[in-house]
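Engineer: Each chain, written out:
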Amino acid sequence: MVATGVKPNWRAVAVAVIWAAAGLGALLLLAKSVQNSDQFSRAQPWILLLNVIGLVALTIVLARKLWQLVRDYRGHVPGSRLTARTVSIFGALVVAPLLIVYLFSLEFINRGIDSWFRTEVKQGLTDALVLSRAALDVRLREYSRRTEQLARALSGTPREGMLALLEEERRATSALEIVVYGELDRALAATSNEPIESLPAPPPADLVRQVNQRHVYVSLEPQSGGQYLIRTAAPLADVPGAAGVRYVVALYPVPPEIAALSEAVQRAYSQYGDLAALRDPLKYSFRLTLTLVLLLAMLAAIYGAIFSAQRLTRPIQDLIAGTRAVGKGDFGTRLPLPSRDEMGFLVHSFNDMTKRLRRAREEAQRSQQAVERERERLAIILARLSTGVLAIDRQLTVRIANQAAGAILGADLSSATGRPLTELAGGSARLGQFVEAITQRFAAGREEWREQLELGGESGRRTLMCACTPLPVEEGDVGYVIVFDDITVLLQAQRDAAWGEVARRLAHEIKNPLTPIQLSAERMRRRFLSSMSPQDAEVLERATHTIVQQVETMKQMVNAFSEYARAPDMKVVRFSLNALVAEVADLYRSHEPRVEIRLDLDERLEAIEADRGRVRQILNNLVVNALEALESVPSGKLEISTRLETAADGAQYAAVTVCDNGPGFQRELLGRIFDPYVTSKPKGTGLGLAIVKKIVEEHAGRIDADNRPEGGARVRVVLPVADSTRSAGARERRPDLRKEKRA
Amino acid sequence: MLRRAFILLLAAALTAWGGPAGADALDGVLEVRSAYIHVDKGVFLLNARIEYPINPMIHDALKDGVTLSFDLEARVDRPRRFWFDATVVNLTLRRELSYHAVSDRYVVREVRSGKQESFATLAEALEYLGRVDDWPILVEPQLGSGSYRISVRAGIRRGRLPASLRALLFWTDDWHRVSEWYSWSLPV
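These protein sequence lines map, in sequence, to chains C and W. For the first sequence, the residue numbers in the working numbering are 1 to 743. For the second sequence, the residue numbers in the working numbering are 1 to 188.
For reference, chain W alone in the conformation it holds in the complex (with noise of 0.2 Å):
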């Protein structure tokens, strides 16, 4: 939120002076249409459906070599009255969409565990992406007794770069987008 504000304060400020022009590269729907946790001994699995933008920049981008992130956060929050809510748990499953141009296909890589899934079409790789199932967020012990709030939300970003190059993104990045929160509450 603050990134953006700065930005639009930033790009207000120097759109005369000329930056990148902002046709919003990640243009299409981008929402998690469903969500929901099943317990399995007492590991909480999350399972989503999310909905990610298609269209032709993403498509040329990919046939020019750039990697996108596709995040997918996850939080458990402890709603206190007076105070913060306090945060339980706040994971990212990171996947990374690239296309192959030796083999002419879209991988999609899992980057935690390194597992990765290779689809002839771009379309394919998108359905794949925005099927998650049985993401272990939580163990039991984690939780008290009282009401918890399960939020989850899914993000695109152009991935891959060095570190340094990404903090430069920070000015202008038309390749970022994060949805809406998906929450939910969770009577433990």
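Isolated chain C (complex conformation) (with noise of 0.2 Å):
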């Protein structure tokens, strides 16, 4: 829906008008027509033509809308049901009346033309008729009888005497005129009281049929301008031998005041009878213009209820279908303002809310985008952290965790937002024994507290430092925010650090009196030999050798020491892996014959690039470990086994895993196996594994240690194959390297 603001309807406004004004102008016409005006005669096809048109059109008009309303009421059209009950009422209260009128005006019309029409009324007439016939009838009897008395007097005159005879006797009757006419209607002689101009009109064919059979004939003629003439006629005696039939025809006025009365009673008469044939016409003329008066104005009426009603409903609808869009939603609708009344002040209110309710939600929206980047930014800096972040509620429900929570707790907990931790804790010894950690705290009531965890599990002992701190949440809820490290790396290298000091310390400590103490003992030897007996040289022989060979393997020891210690100097190569091994192996394998070794070895793995001399140490190293390890068991076995490994980001690494199946690691000393001096075994230095571990963390490479399920110990060593991967990883490890040893 778009607004189109007050803007009448101009097109919708024109029709009606000409409706309007066609209608009224037709109905006008027609009363005229009715009324008197002889022009609207001529007219009359057009007004009835227009009237039908009307009547046809608005019919055709009104069954559509009907139609439609009728449709929409079914169809449960917003707005039908109003439509509906308004085109009823109105129709009711224009139709009701209009039929009572036209009830009414039909008998007004009926009973009243009738009563113009009365019987008395007719009867008067025919009275009145009568009676002028009457007091004419007298004169014309007089009248016909002279003229039977003249015609005998003539029929015994000769011609030449007639003229005189007829004089007298028009001078004695006040006759117009008298003819007498012999055979072939001839006039024989003639009297008039005007001067003769021309000869007499002959006589009408009835008088003459008349006198031919010998009777007397006499008429009241009418003449223009209200005038009557008496014409009488009577045959003469036959004369013998005559051709035809002689006749004397007179014609007599009437008395002037005679004869406008009569002439009143005619007219009166002749217009009663014109009436008179009107009346059903009249009658059904007047039916019919008043029907199709009243259907015009019926049809007119429904169709102005119904076109109100619609209007006085479309701002409703719209607002329904308003009300509508904007329940499903769509708060940019704005419905078009109908008016200026109240309706359209409820459309104003409407179109007010909906404009506001789109502010808001768009304000809404905003503010939850500007919350979503926060959240967003928030969930990169979480993930980017190497500090693990565990937000939960006080039932351990996990609302929060990043990445690097789950890597330090050895569990996904990618999917675990909305989980309780309880219930993740089943995969991971670690998670199991920092939610068993944490329980306890909340149960002693402590909330707030920062303190350092140990966690033990298979692949060895991990120390976090671990901060909790209330965060409130929802109303009336508590979450918490757990933070920790993981702080074993940093505590080894401190470790690390700390030991190289005191290696190095030691070493000159015990380097510096180890050389004068060689030397005394070389020089005790050689001054004393000489002049000893051979009982006492082979003593001195003896303990100076003793000396120089334990200062000796006091020095490999320092050695040992310095070894640890020193800086690293790396000579890289590209070498066999597979064949190094190997080569270990066989050197051990004469060595140490009870012990069988075996080998596992991946074809795939072709060539490393590393130090091959510290590699052939590690390996040393561990082997030695594993076979000192099987000393106190009866048939020792060793396993060596490499593998090809390819990292996710595509960099490949080569793994050796030393396995036996000797005692294996103490649980106690596996988080720190490989520290100096930590070990088992009653000899050893206690520097092997940790120079093991010294010597792969050279190579950017890692090394774990554990137990075998079935028993015995297993070292994994992995080692970066390519040094482009190692020195990547070099980059991004020396700096901490350094770092922890300056700490």
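Hints were generated in silico from the structure; no laboratory data involved. Note that the coordinates shown come from a computational prediction; the quantities given were computed from them, not determined experimentally. Be careful, since some hints might not be right.
As the list claims (entries may be wrong) - Quick look at which bits of chain W chain C covers, simulated, 3 or more residues with Cβ under 8 Å: (1) 61 to 71; (2) 100 to 113; (3) 125 to 138.
Unchecked claim - Each computed BS3-like pair below joins lysine-lysine, with the alpha-carbon atoms no more than 30 Å apart: (4) C:Lys355 x C:Lys328; (5) C:Lys511 x C:Lys571; (6) W:Lys115 x W:Lys41; (7) C:Lys122 x W:Lys41; (8) C:Lys283 x W:Lys63; (9) C:Lys555 x C:Lys571.
For every residue, glycine included, the Cβ atom is placed at its ideal position computed from N, Cα and C.
Using the hints, put the two standalone chains together into the complex.
Structural biologist: Below is the structure:
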């Protein structure tokens, strides 16, 4: 729906005005034509045409409207019920009075017209007519009798004497004209009160017929101007031998007063007849006109009712549609303003409301987007953080857990959100211990604490620096955020650094006195050996030898310390790790025949780039370590396996695993097995695994040690195959190492 | 024609409603039997013989005082090839026939001149009406060169009514008939 603003629909207004004007004009014309005006009778076909067209058009339009209304009503279109109700009320209000007026008018017309033609009037007229006839009949009879007498008198009179007789008669009776006709209707004699200029007009045919049959003729002839003439005729006695009938015709005037009265009666009679003939057509016409007017008015009224009802309900329909749209979340809905009335105010309010809603929603969306952005930023920060962050509520349900948390606790927490920690603890021993630790603290009522947690596990102990802070989450609910760092490596590095320092100092401190000891012993031997008895000389010889030998051993020991503490100096070459492993194994097979040494070498592993001597040292140290552990085992077995592994980033690693079936590492030592002087063996420097770890770290590799489930120890060394990988790794690691060392 | 169509339409629509029942009051032959023109000193005079219907209903109506109008319509048209014909002259000779109750005679009155004749019988009156002699319809200067068409038709209607009432009769008038046109061409 598009807002059109307050713009009246001019087209509809124009159409309505034209309709109204046409309808009104037609009705007026029709009404006028019924009244007095001759000119309308000519225009009448057009008036009728106009009315009929209007009627038909109105009927069609109305039928369409009604059909639409019915369809809408059945279809439960919003507003259709209101429209239907309004239309029926309007319709009833209009149609009922119209019908009453119509029926009343019809009755009135019928009675009114009937009253014009009452029988008394007719009877009166007829009586008047009879009266005037009677009055005239006296004269007619009188004149006819006189004419008869004249005819008798003329019968015996020769033609020459006729004229005098006629003149006499004319004067006596005040006749207008007296003519005697002979055979072939020729005038034989004529007299007139006016000068005769031509021959008298031939007698009327019926007169001739009458006299030919020997009858007396008399007739009253109306003249124009309301005059009457009485024409009488009588046959003359037959003349023997004559061919035709002779007859006399006389014209008499009727006195004006009688003529006027008679004419008045005649006129009234005639007018009455004309009107009476119109009685039925008149009624019919009135009924027809009235019906036409009624139909037009009724249809127009119903149409108007529908039109106004629809106009009234359109804003309501718009409002319904608008509220539905708003209900569906479309706040962009704007309704056209229908008018400036209350409905317009309502629509205006609605538009205002949707506008506010839209603004509010946009505001909410903006702030939500801001929150989302903030959340994403936070998520990125959390993900990049090496510190584990875990947000939980009082029921230990995970709210937030970053990647580092999962990595440190050895569990997959990527899909842990919304699940309780206790449920997740089954997957990892470290997580289980972690959960246990925090549960204990919560149970003790401690909500804010900062402590170091020691977590044990198959792959060694981990030390976590853990801090917990309560975090208000929602109303009445409290969450906690636990931040923890894996400080195992840090502690290890600290330990390593400390040991390196100790080793360097110790080497110097020990090496310094060793040289004078050795020199002194050798000088004593040289000085006194020759001057001593063979017996004493042998003792001296043995003693000095022991001193020199032990000093040498001590030097070696000190050198080993130095080795551990010395700065790396790598000579990277490319060599076959498998070959090196086989070489070392062969060496120890011949050296320790009672231990079975098995190899499981990955053919895919071709060559690695590393310091060959140091890798050999790793192997030596690991094999020696294992062989020493197997000394008390009757059938010792040692297995060395190599594998080519590919990391997620595509970098290749060579993994060397050394397993034995000896007693394995002591559990409590497992976390510190690579520390110097941590050993469970009766002999050994305690530096073997420490040195191995150091070399592995110099190669940017990894080492871990654990016990096999079936018994025995397992040490796994992972070295990068290519030097470039190591360099990248080393670059990352070196600064940390140096920093740790400096610390 | 138009009127008749409307009347038919309305009559059809309103038959059930009960209009005046309609036996044709002017039943019978109504035609122009013959007509011709003769020119006398540049004046075109029309002579025509018309047969008017005669039946008891007409007789009764006249006796009841009704006046009948007898119209003789004469028109002279100049046919045009691609357009409507041009009407040169369109004249109507109107005469009224009524029954004069006082004298028991039938009176024929020419409306324009007021001249009237009376007859003892209806047949005589109708015979008189059916004979039109020397009715001047045209003078020579009105005509150019070319061919003209002269048409004559006769009509009867119930006449001498007030205009308003005549207007009403438009709806339903059995008392109105016209004959077919009687036409012939007049080369000049």
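Engineer: Does the structure break any of the earlier hints, and which numbers would those be?
Structural biologist: 3 and 7
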